[in-house]
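Trainee: In case you want the letters, here they are:
Protein chains: 4
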Amino acid sequence: MSEYRVLIDADDAKGLVYKISSIFYHNGLNILSNSEFVDKENNKFFMRSVVDGDIDSIKLKKSIQEILPRNSIVKVINPQKKNIIIMATKELHALGDILIRHEAGELEANILAVVSNYDKLESLVRKFDVPYVTISHEGLDRPEHESRVIECINSFEDVDYIVLAKYMRILTPRFVETYKDKIINIHHSFLPAFIGANPYKQAYDRGVKIIGATAHFVNNNLDEGPIIAQEVIHVNHAYSWKDMQRSGKDVEKVVLSRALKLALEDRIFVYANKTVIF
Amino acid sequence: MSEYRVLIDADDAKGLVYKISSIFYHNGLNILSNSEFVDKENNKFFMRSVVDGDIDSIKLKKSIQEILPRNSIVKVINPQKKNIIIMATKELHALGDILIRHEAGELEANILAVVSNYDKLESLVRKFDVPYVTISHEGLDRPEHESRVIECINSFEDVDYIVLAKYMRILTPRFVETYKDKIINIHHSFLPAFIGANPYKQAYDRGVKIIGATAHFVNNNLDEGPIIAQEVIHVNHAYSWKDMQRSGKDVEKVVLSRALKLALEDRIFVYANKTVIF
Amino acid sequence: MSEYRVLIDADDAKGLVYKISSIFYHNGLNILSNSEFVDKENNKFFMRSVVDGDIDSIKLKKSIQEILPRNSIVKVINPQKKNIIIMATKELHALGDILIRHEAGELEANILAVVSNYDKLESLVRKFDVPYVTISHEGLDRPEHESRVIECINSFEDVDYIVLAKYMRILTPRFVETYKDKIINIHHSFLPAFIGANPYKQAYDRGVKIIGATAHFVNNNLDEGPIIAQEVIHVNHAYSWKDMQRSGKDVEKVVLSRALKLALEDRIFVYANKTVIF
Amino acid sequence: MSEYRVLIDADDAKGLVYKISSIFYHNGLNILSNSEFVDKENNKFFMRSVVDGDIDSIKLKKSIQEILPRNSIVKVINPQKKNIIIMATKELHALGDILIRHEAGELEANILAVVSNYDKLESLVRKFDVPYVTISHEGLDRPEHESRVIECINSFEDVDYIVLAKYMRILTPRFVETYKDKIINIHHSFLPAFIGANPYKQAYDRGVKIIGATAHFVNNNLDEGPIIAQEVIHVNHAYSWKDMQRSGKDVEKVVLSRALKLALEDRIFVYANKTVIF
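Protein chains in written order, with this note's numbering: chain A, 56 to 333; chain B, 56 to 333; chain C, 56 to 333; chain D, 56 to 333.
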C-alpha cells in the first residue's frame with residue numbers, strides 16, 4: 056500500500072468529481088483527504104487528493120487523464136523528499152530558519168546547496184553539512200554572473216525548487232524562464248505595496264501602521280509573481296525603518312518557510328498569476 | 056433550476072465521495088462547491104455541497120440516505136432566510152451590530168424578536184421595527200423566569216437559532232436541552248481561559264497580553280459548548296480592565312456576527328463537542 | 056479640579072520634559088498619564104499629558120509656550136464632546152457602526168449631521184434622531200456640488216471632524232484645504248496598495264492572501280494622506296472579489312471607528328505626512 | 056559620552072517625572088527615549104529612560120534614589136551583552152531560533168551554555184561553538200537532578216537570564232526561588248488556557264479555533280508566572296493535534312525570542328505577578 060498525491064488542473068466540466076472519485080473507487084483507492092476548487096470566472100477546476108492503495112501511479116495518471124477535458128494536467132506523486140537549492144546574499148535569518156527546520160526534520164526536502172554571491176554565510180551553512188557555493192558577481196555583468204549560477208544549479212540533478220532566502224539580486228528573464236514556477240522568493244513587504252528596493256524605508260516614509268512580507272513565485276516582472284503566502288505585524292510611529300527591518304525579519308522567515316512547506320507538500324497550483332492553495 | 060445545500064454527517068466508509076457525486080451526476084445536478092472532511096480518529100465523514108439543478112429535494116435526500124451507512128444525517132436545504140430570536144440584557148454593541156447587518160441585508164435571517172430581561176434596549180430595537188419583549192426576572196426564580204422566556208419563544212414558529220447577544224443570565228439545562236445546537240452565545244474571553252463571570256477582570260488580574268472573544272453553541276456546562284469562532288486583540292499593561300472591556304466589545308460583536316453568518320449559511324457541523332466548519 | 060489634555064508639538068531641545076513637568080509640578084497639577092516621542096531624524100518633540108488640577112487652561116498654555124522653542128504648538132484641552140459631521144454615500148456598515156457606538160455612549164462626540172449625495176441612508180439615520188442632509192450631485196459639476204456641501208457644513212458651528220464613512224466621491228483640493236487635518240477617511244485597502252477605485256477587485260486580480268483597510272486624514276493626493284490606523288484579514292483563493300468586499304466591511308468599520316476614537320481623544324499628531332499616536 | 060538605561064520602580068508620588076527629569080537636566084543628560092506608567096490601582100510608578108551624557112552611573116543612581124519614596128528600586132544600566140544560559144530537552148526549534156539570532160548578532164547576549172537532560176541537541180549546539188552540558192535525570196530524583204543543574208549554572212559567573220527553550224521538566228520551588236524573575240519560559244499555549252501537560256492535545260480536544268504560545272517568568276505555580284509576551288494563530292477542524300503542535304512551533308519560537316529580546320533590552324518590570332513592558 057502506498058500513498059499518492061493526485062493533482063488535477065483542468066477546464067471545468069460536469070461530473071469531474073464523480074468521474075475522478077469513480078476511478079479512485081474502482082481501483083480500490085482510499086481517499087485520505089480531498090480538496091477541490093472551481094473558478095467559475097475562468098471555468099477552471101482544481102483538485103488535490105491524497106489516496107492510498109495498491110496501484111501503479113502511471114496507470115492511475117493515465118486513467119484520470121482519459122476522463123478529463125483536453126489540456127488538463129494530472130500529476131500523481133509518490134511523496135518523497137524534494138531537492139531544493141537555496142540562494143542567499145548576506146542575511147542570515149531566512150536561510151538560518153530553513154537550515155534549522157531541515158535539521159529538525161520538519162522539511163520534506165534535501166538541500167542540495169546554498170548558492171550565494173558572497174561568502175559571508177559560508178561558515179554558518181557548513182556547520183549544517185550543506186554545500187556552499189560562492190559565485191561572486193564582482194567583475195561580471197548580470198548575464199555572465201547568471202550563467203555561472205545556472206551552470207552551478209544545473210550541476211545538480213532534479214532540482215525541484217530554488218528558494219531565494221533574501222537573494223538581493225534581480226534575476227534576468229532568461230533565469231526566470233528556465234525555472235518557471237520553481238523559484239520561491241520572499242519579498243520584505245506586503246505586496247503589492249512597496250515593490251522594489253528597500254521596502255522598509257518606503258514603508259517608514261509612508262508612515263504605515265502595519266508592515267508585512269510576501270512569499271511568491273518569481274516571474275519576469277519584479278515582485279509581481281503569484282503570491283503564495285503573506286503575513287503582517289503592527290508597527291507604530293516609534294519604529295525607525297531599521298526597527299521595521301529588524302521586526303520584519305521574523306515575518307519574512309516565517310512566511311518563506313510556510314511557502315516552502317506548501318510547495319514541498321504539493322499544495323500549490325499556479326494559474327492566472329495567482330495561486331490556489333489546498 | 057434551484058440551488059440546494061446538501062449536508063452529510065455520516066460514519067466514514069469507502070467510496071462515499073464517489074457514491075454521493077454519482078447521485079449528483081446522474082440527477083443532472085451541477086456541483087457549485089464542495090467541502091469534505093474525514094475525522095480518522097472518530098471515523099466520521101462530513102460533506103457540504105452546493106448543487107444546482109432541477110430535482111425534488113425530498114427525493115434527493117432519500118437517494119443519498121440509501122447509499123450512506125446507518126445513522127447518517129442528510130439535509131437537503133433550499134436556502135432561504137432563517138428565523139432567529141436574539142436575547143440580550145443591557146449591552147448594545149453586539150445586538151446593534153446584528154441589527155445594522157440585518158438592515159443592510161447582510162444576514163440571511165428574519166429577526167422575529169429581541170427578548171430581554173430589561174427594557175433598556177427597547178428604544179434602539181424598535182427603531183429597526185423589530186419586536187422587543189421584556190421579560191423581567193425580578194421577583195421570579197430562574198425556572199419561572201425561563202418558563203416565561205420559553206413561552207415567548209414558542210409563540211413564534213420555526214425558530215432556527217437563538218442568539219445570545221450578551222445575555223447575561225445563566226440558562227438552565229432544561230432551556231439548553233430544548234434548543235440543542237440552536238443557541239449561539241458570545242463569551243467575552245478566549246475560551247477556555249476565563250470561564251465564568253467578568254472575564255476581562257480575570258484577564259486583567261492575570262496580566263495577559265492578548266484578550267479575545269469566543270462564539271459557541273451553548274450546552275449544559277457553562278462556556279463549554281462547541282466553539283464556532285474566536286478572535287483576539289493585543290493589549291498591554293496600560294489597559295485597565297475597563298479598557299479591556301471596551302476594546303473587547305469590537306471583538307465580541309465581530310465574532311458573534313461571524314458565527315451567526317456561518318450558522319445561517321449551514322456551514323457548521325457539531326459533533327464530539329466540536330464544530331466542523333466549511 | 057479639572058482634567059486637561061496637554062498636547063505639545065515642538066522642535067526638540069534639551070530639557071523639554073524637565074521644563075514642562077516643572078510647570079505641571081509648580082502649578083500643583085497631577086500627571087495622570089504621559090507620552091512622549093522624539094523623532095531624531097526630524098528633530099521633533101511630541102508630548103501628550105493628561106493632568107488634573109485647579110488651573111486656568113489659557114494660563115497653563117501660555118506658561119508652556121514660553122519655555123518651548125519658537126513655532127511650537129501647545130494645546131490645553133478640557134475634554135468634552137467634539138462635533139462631527141459624517142459623510143456617506145450608500146453603504147451602511149461604517150456609518151451604522153458609528154451610529155451604534157454613539158447610541159451606546161462610546162464616542163466623545165455629537166453627530167451634528169450625516170451628509171450624503173443620496174437619500175438611501177436617510178431612514179436609518181433618522182432612527183437615531185440624527186439630522187440627514189441629502190445633497191445630490193446630479194446635474195452639478197464637482198465644484199458646484201462641493202460648494203453646497205461646504206455651505207451645509209458651514210451652517211453648523213464648531214465642526215471638529217468630518218468623517219468620510221464610505222463617501223465615494225473625490226474631494227477637491229479646495230475642500231481638503233478648508234478642513235485640513237480634520238477629514239478622516241476609510242479606504243478599503245491596505246494602503247499604499249490598491250490606491251483608487253475598487254481596491255477589492257484590484258486585490259482579487261493580484262491574488263493577495265491578505266486584505267485590509269486604512270483610516271487616514273485626507274490630503275490633496277487621493278489616498279495618500281497621513282495614516283491613522285490599519286487592520287487586515289486573511290483571505291484565500293476561494294474568495295471572489297465580492298467575498299473580499301463583504302469580509303472587508305468588518306475591517307473597514309472597526310478601523311474607521313478606532314481612528315475616530317483616537318481623534319476624539321486628542322491622541323493624534325500629524326506631521327511629515329505621518330501620524331504620531333499616543 | 057555614554058548611554059544609560061535608567062529603570063525606576065517606585066510608589067507613585069507627586070512630581071516624580073519632574074524630579075527625575077530635573078536630575079537628568081542638571082547633570083547635562085540628554086533623554087533619548089522615555090516611557091512611564093502609573094498603576095493607579097496599586098499606586099505604583101514605573102519609568103524607563105534612555106539617556107546619554109557624561110556621568111558616573113553610581114552617582115546618578117544615588118541622586119535619583121534620594122528623591123524617590125522609600126523602597127524604590129533604581130537601576131542605571133550601561134548597556135552591554137547579558138549572560139544567558141539556555142535549558143532545553145529534545146526540541147530544536149526554539150533553541151535553534153535563539154542560536155541563529157545569536158549568530159546573526161541580533162541578541163545583546165552571550166550564550167554561556169546550553170544545559171539539557173538529553174544529549175540530543177548537542178551536535179546542533181556545538182556547531183555554533185556554544186558549550187553543551189548534558190545532565191541526565193535518569194536514576195536521579197528531582198532534587199538531586201536539580202542540584203546538579205544548579206551546580207552547573209553556578210559554575211558560570213554573572214548569569215543574567217535562564218531561558219527555558221522547551222525544557223520539559225518541572226522546576227522545584229528551590230530552583231525558582233534561586234533565580235527569581237530571571238527564568239524565562241515558553242509555554243506552548245495561550246495561557247491561562249491549557250496549563251500543564253500537552254496543551255496542544257488539550258486544545259484539540261476542546262476544539263478551539265485559535266492556538267497560541269506564552270512567554271513568561273517562572274514562579275512556583277506551574278505556568279502561572281508573570282506573562283511577558285503572547286501570540287496566536289488560527290486553526291480549524293482539519294488540524295490534528297500533531298498539526299497544531301507543528302504549527303504552534305513557529306509561534307513558540309517567535310514569542311520566546313521576543314520575550315528574550317525585551318529582557319535583554321531591560322524593558323520589563325515585574326510586579327503583582329504581571330509585567331510592565333516599555
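In case anyone wonders, no lab produced these hints; they're calculated from the structure.
As the structure is a prediction and not an experimental result, all values here were calculated from the model.
Check before you lean on any hint, since a few could be wrong.
Unchecked claim - Okay, derived cross-link-like pairs now, PhoX-like style, lysine-lysine, Cα gap no bigger than 20 Å in a straight line:
hint, chain 1, residue 1, chain 2, residue 2
1, D, K136, D, K316
2, C, K182, C, K145
3, A, K297, C, K329
4, A, K99, C, K297
5, B, K297, C, K95
6, C, K316, B, K316
What the hints assert, rightly or not - Stretch-level coverage of chain D by chain C, calculated; a stretch enters the list once three of its residues show a Cβ under 8 Å from a Cβ in chain C:
hint, region
7, 83 to 93
8, 224 to 234
Said to hold, decoys possible - Calculated Cβ distances over 12 Å to all of chain A for the following chain C residues:
hint, residue
9, Y73
10, D109
11, N138
12, R224
13, R261
14, I265
15, G280
16, I282
17, V287
For glycine and all other residues, C-beta sits at the position ideal for the given N, C-alpha and C.
Trainee: Each of the hints needs a verdict: does it hold here or not?
Mentor: So, going through the hints one by one against the coordinates:
1. K136/D <-> K316/D: Answer holds: K136/D to K316/D is near 11 Å, not above 20 Å.
2. K182/C <-> K145/C: 16 Å, holds
3. K297/A <-> K329/C: Given that 20 Å is the threshold and the Cα spacing comes to 17 Å, the pair holds.
4. K99/A <-> K297/C: The given pair, whose Cα atoms are some 19 Å apart, holds under the 20 Å limit.
5. K297/B <-> K95/C: Measuring from Cα to Cα gives roughly 35 Å; hence the hint is violated.
6. K316/C <-> K316/B: Roughly 28 Å between the alpha carbons, so the hint for K316/C and K316/B is violated.
7. 83 to 93: Three-residue rule met by the region 83 to 93 of chain D, so holds; n is 7.
8. 224 to 234: n = 0 at 8 Å, threshold three: violated.
9. Y73: Y73/C clear of chain A: closest Cβ-Cβ about 21 Å, beyond 12 Å.
10. D109: Holds, since 33 Å exceeds 12 Å.
11. N138: The assertion about N138/C holds, with a minimum of 26 Å to chain A.
12. R224: 24 Å, holds
13. R261: Given that some Cβ of chain A is not farther than 12 Å from that of R261/C, nearest at about 6 Å, it is violated.
14. I265: 5 Å, violated
15. G280: 10 Å, violated
16. I282: 5 Å, violated
17. V287: 6 Å, violated
Comparing the model with each earlier hint shows violations of hints 5, 6, 8, 13, 14, 15, 16, 17; every other hint is respected.
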